[in-house]
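Protein chains: 2
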Amino acid sequence: MSGWIAIAGLGPGAEDLVTPEVRDALAEATDVIGYFPYVARVPEREGLVKHGSDNRVELDRSRHALDLAAAGHRVVVVSSGDPGVFAMASAVFEALEAGPAAWRDLDIRVLPGITAMLAASARAGAPLGHDFCAINLSDNLKPWALIEKRLRLAAEADFAMAFYNPRSKSRPEGFARALEVLKEVCGDARPVIFARAVSTPEEDLRVVPLPECQPEMADMRTMVLVGSSRTRVITRDGAPIVYTPRSTP
Amino acid sequence: MSGWIAIAGLGPGAEDLVTPEVRDALAEATDVIGYFPYVARVPEREGLVKHGSDNRVELDRSRHALDLAAAGHRVVVVSSGDPGVFAMASAVFEALEAGPAAWRDLDIRVLPGITAMLAASARAGAPLGHDFCAINLSDNLKPWALIEKRLRLAAEADFAMAFYNPRSKSRPEGFARALEVLKEVCGDARPVIFARAVSTPEEDLRVVPLPECQPEMADMRTMVLVGSSRTRVITRDGAPIVYTPRSTP
Chain B
1 MSGWIAIAGL GPGAEDLVTP EVRDALAEAT DVIGYFPYVA RVPEREGLVK
51 HGSDNRVELD RSRHALDLAA AGHRVVVVSS GDPGVFAMAS AVFEALEAGP
101 AAWRDLDIRV LPGITAMLAA SARAGAPLGH DFCAINLSDN LKPWALIEKR
151 LRLAAEADFA MAFYNPRSKS RPEGFARALE VLKEVCGDAR PVIFARAVST
201 PEEDLRVVPL PECQPEMADM RTMVLVGSSR TRVITRDGAP IVYTPRSTP
Chain X
1 MSGWIAIAGL GPGAEDLVTP EVRDALAEAT DVIGYFPYVA RVPEREGLVK
51 HGSDNRVELD RSRHALDLAA AGHRVVVVSS GDPGVFAMAS AVFEALEAGP
101 AAWRDLDIRV LPGITAMLAA SARAGAPLGH DFCAINLSDN LKPWALIEKR
151 LRLAAEADFA MAFYNPRSKS RPEGFARALE VLKEVCGDAR PVIFARAVST
201 PEEDLRVVPL PECQPEMADM RTMVLVGSSR TRVITRDGAP IVYTPRSTP
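Keeping their order, the protein sequence lines are chains B and X. Counting from 1, one number per residue, gives the positions in the first sequence under the numbering used here. Counting from 1, one number per residue, gives the positions in the second sequence under the numbering used here.
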């Protein structure tokens, strides 16, 4: 049987947010490759080899996956969320472009998943219900000046904003600077959603007016959503509902 | 049994892209409400009433759904893609905010789905693999000037861009103007993806350099993705792969 490679999204965490398409690919795979905690989400099965690896080795992992597929294995590269949003798909294609020409003949598919911002948005209401942008706040792979430029232009465009990787132990200061920029350029009390580990047992959701936001409210498992100037909060018993109206006068 | 309302995303079209969470909600529902073609995607079943309605009656449809849930029905409001991205969730919350106070006590959930831009991105490779924005190109609910402003700022921010509702019979000119703006401000041959009806039997995918793009390449079933200045095309036998690298020097 000839090999293939599927770059699949496992969704934000809950089993019932994994698409049947991804489940079917995992059922046919000989090898699953990815970051340790994502590989751990795939059940053990006879005939399935699990290759977990650490963060920041995405290109090595991609070459390994392409090598295995070229040798006839049926390989699923797993990401959480959607593989095309700040996840493994770009890394695999970077490796493919720089690799042997024969890799271009491989049967290669990307299987979409529920990305974190959509899961977080669903829990909060519909904060991304109008035009929005998604920004990776990590400056591991791009200069901080570019992040800050994008924040300012996104605010000027009045996009709602979704921030991936807002803050980590090794980068505690970036998110603090991002909040300073937003407080300066937005100048209002629009709602900010801190959505941690949505759809897992550790799920936690907070809605905080921008002026009251503190850097410590986010960590690497937190998705941060910032409303546009039009975003509204519906208060009620229990959690408020945050949504951005469809229309702008 | 008390009523509830779930605002659910059916994904882009294929059955195996519907999450188990959405399937379970549909299995428990007494009523399904939505735009005709989306309601038609839900199989008939004894005990399930299907309420299809036309486009542009989203607020009436939302009030109907909230009324039914308040009367004890188990209601699923269906959208294609994700309900929180240019779909029914914002409309339901607009109706809820303006409606009777009792509606705020309803059991109301949003169930995420695979939105069109992620399905299109997966088919093309990983064009949204770095920072990006999503813009609804319809000017039914916002002025054209705001759309054009957002296009210019998004290009300045060097976002990849995803365009929903690029073109319809009643709005043939907007997408032509959007292409003119992009050709002017981007000034290069970055790849544009026209992804029509992804994951359905009518699926069609084209990758076209921006200077060669024509308005007629899109219709209302087309998702348009525009690369950033960093987006790359890998040529090979068969469809090219379009991806945006994770890093910016």
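Hints listed in this document are in silico derivations from the structure and should not be mistaken for laboratory results. A few of these clues could be false.
When chains are identical, the list treats them as one kind, so a pair holds in a single copy or across two.
[Unchecked claim] As a list, the in silico DSBU-like pairs of lysine-lysine whose alpha-carbon atoms are at most 30 Å apart: (1) LYS183 - LYS50; (2) LYS149 - LYS183; (3) LYS149 - LYS50; (4) LYS50 - LYS169; (5) LYS142 - LYS183; (6) LYS142 - LYS169; (7) LYS183 - LYS169; (8) LYS149 - LYS169.
It should be emphasised that the depicted structure is a prediction, and the values quoted were computed from it without experimental measurement.
Taking the earlier hints as the rules, which of them does this structure contradict? Of the numbered hints given earlier, those the structure breaks are 1 and 3, listed in rising order.
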